[in-house]
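> Listed here are the chains, written in short residue letters.
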Amino acid sequence: MTTSVRPPAPARVPAPGPVPPPRGRRRAARRPSALLSKTGVTALLALATFYTLLPLTWLLLSSTKSRQDLFGTNGFALGDEIHLTQNLQYLFSAQDGVYLRWVLNTVLYAGVGALLAAVFSVAAGYAFDKLAFPGKERLFSLVLLGVMVPATALAIPLYLLAAKVGLVNTFWGVFLPGLVFPFGVYLARVFSAAYVPDEVLEAARMDGAGEFRTFRRIAFPMIAPGFVTIFLFQFTQIWNSFFLPLVMLSDQDLYPVNLGLYVWYSSALSQGRPEDYLLAVVGSLVSVAPLIAVFLMLQRFWKSGMTAGAVK
Amino acid sequence: MASTSTRGQRRAAALLLSPFFGLFTAVTLVPLLYAAWLSLFTTRTSGLGFGGAENAFAGWDNYVRALADPAFRDGFLVVAAYCAIYIPLMIGGALALALLLDSGLAKARSFFQLALFLPHAVPGLIAALIWVYLYTPGLSPVIDLLESGGLAVSFLSADNAVFSTANIAVWEWTGYNMVIFYAALQAVPRETLDAAKVDGAGALRTALSVKLPMIRPAVALAVLFTVIGSIQLFTEPKVIYSASTAIGSSWTPNMYVQTAAFQDNDFGLAAAASLLIALFAAVLSFAVTRISRRGSKP
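Order-wise, the sequence lines are chains H and R.
Each residue of the first sequence is one higher than the last, beginning at 108 in my numbering.
Each residue of the second sequence is one higher than the last, beginning at 784 in my numbering.
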């Protein structure tokens, strides 16, 4: 646990040296300590990696164990027998295969939701960047306000409104809020400024192409990498959301994976059902594995999105 | 000619903006306004609840009740304590790791970058489930390990709950911010670094006096998002709550709101408390932006 503190500390200690860098005294101050050697730096990074991988290792190992082994054997070692296939069978057949249903729901909430959210964000961000219209900056500050209102602070207001219009405990109650991503609009404006040169639009306008057509046929393909980034951001956001589905849904058939795992986990504890605990563990692994795969495959995109905000 | 093009742009802008703003109005502005309206009423259920609920105008009453409630205020103290542990550890750790990666001394850079980022691909709820298992006495191999080393730690006790929650967040977010900082470091112009070298600055000096100030905007932005995220603290303590009696059902402001709404059916109070949290987050992030902006302009 404390490993998180460890890596930075030793490198930091010798920091307070003489204050202004004395000009002209070349090469005088170059005496790297042991920690600043290749081995030292790599060792520190390895230590931090150990901390990040430890819990994932536990998850992987635990998913292969039988229920007895899960509670009876060391968490960082293999159990007495490999039970992975039985566990998977159990996971997908439990409660009439409700897990698969949750996965499907999550794909709809997060996949379709983020896709639409990204389309709407790019359209709005492009309009903010490239088109002239009255009240632009005032509208944009509304978007920034949206960035600042925390998503979970909206959960109860959304629930109250949904109760009023009859959307509580429906698919739409969770799906619709996912379509709005103010930070995506901000990112799209940055991307549009970076990727779409004004001259290209001038040329298209000269040729008499309509504004909407220009956006669809010329600008959108140029922003496409940014589109993927925005999609990924919102996808993880929705996939991660827990408070909103928790308050909005009571029908198990509408749950996203997150909420289902939580219910298994808490029923394992509150009603003393260890088999539900195993379900929560295996279900976690099964839902995390594809996410990790997606992240590994789409590295380029999430990196460019995360850094777009940073470099600006 | 010019006027038709302006009109064309306006029409296109309206078309491109309307899906976002239509939905934004429906799922952000209207809920906020509706919650603001509801927060001005209290619901009185008559008898067994069959007589129907009755709404009575209460003015600021719900806000006063929320602010006067020690449970609500303590929630903010918990978040403050959590921030005091989490933000320096996480931002400091991410910075240190990014500087190490950028030092030119690290081997297998892209492997480390990926491995350290990996926790971010794990949803917060699952991260919390895993860690709570690792916190549970009798199950946790970590506790066994510490005990064999003569250290008895109870992660789920009331005293350690803040630390245990912060650790989950550190695990989830350090690598993410490290990637951001690392990218910002790579954008530092070569000439600046060469100049520092010529001036005789060692690797550590360069990192602290040249590189760090140059990525200040990236750090400020990361702190801003971390602060907004911290106020929303809910998932991790909610999972800890189901495993330990050490923390109450209103441990953080968001947990307070949920308890008010669904345990006490006090929707007026829940709405008022929600809006107070949103307001607090907005004010705080505004302040952070202001401070960091002033700081970056010498």
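In short, the hints are calculated from the structure, not lab data.
In this text, a Cβ means the ideal position worked out from N, Cα and C, and glycines have one as well.
Certain hints may be false.
Sample of chain R residues facing chain H (criterion: CB under 8 Å; computed from the structure) [to be verified]: (1) LEU815; (2) ALA851; (3) LEU888; (4) LEU899; (5) LEU908; (6) ILE909; (7) PRO920; (8) LEU922; (9) PRO972; (10) LEU995; (11) PRO996; (12) MET997; (13) ASN1037; (14) GLN1041; (15) PHE1045; (16) ALA1064.
Which stretches of chain R does chain H cover? Using the computed rule of at least three CB atoms under 8 Å from a CB of chain H, they are [said to hold, decoys possible]: (17) 805-811; (18) 910-919; (19) 951-963; (20) 1006-1017; (21) 1046-1055.
> Next step is simple, just say for each hint if it's right about the structure.
Verification of the supplied hints:
| no. | hint | result |
| --- | --- | --- |
| 1 | LEU815 | holds (6 Å) |
| 2 | ALA851 | violated (20 Å) |
| 3 | LEU888 | holds (4 Å) |
| 4 | LEU899 | holds (5 Å) |
| 5 | LEU908 | holds (5 Å) |
| 6 | ILE909 | holds (4 Å) |
| 7 | PRO920 | violated (13 Å) |
| 8 | LEU922 | holds (7 Å) |
| 9 | PRO972 | violated (12 Å) |
| 10 | LEU995 | violated (11 Å) |
| 11 | PRO996 | violated (13 Å) |
| 12 | MET997 | violated (11 Å) |
| 13 | ASN1037 | holds (5 Å) |
| 14 | GLN1041 | holds (7 Å) |
| 15 | PHE1045 | holds (7 Å) |
| 16 | ALA1064 | holds (5 Å) |
| 17 | 805-811 | holds (count 5) |
| 18 | 910-919 | holds (count 6) |
| 19 | 951-963 | holds (count 7) |
| 20 | 1006-1017 | holds (count 5) |
| 21 | 1046-1055 | holds (count 3) |
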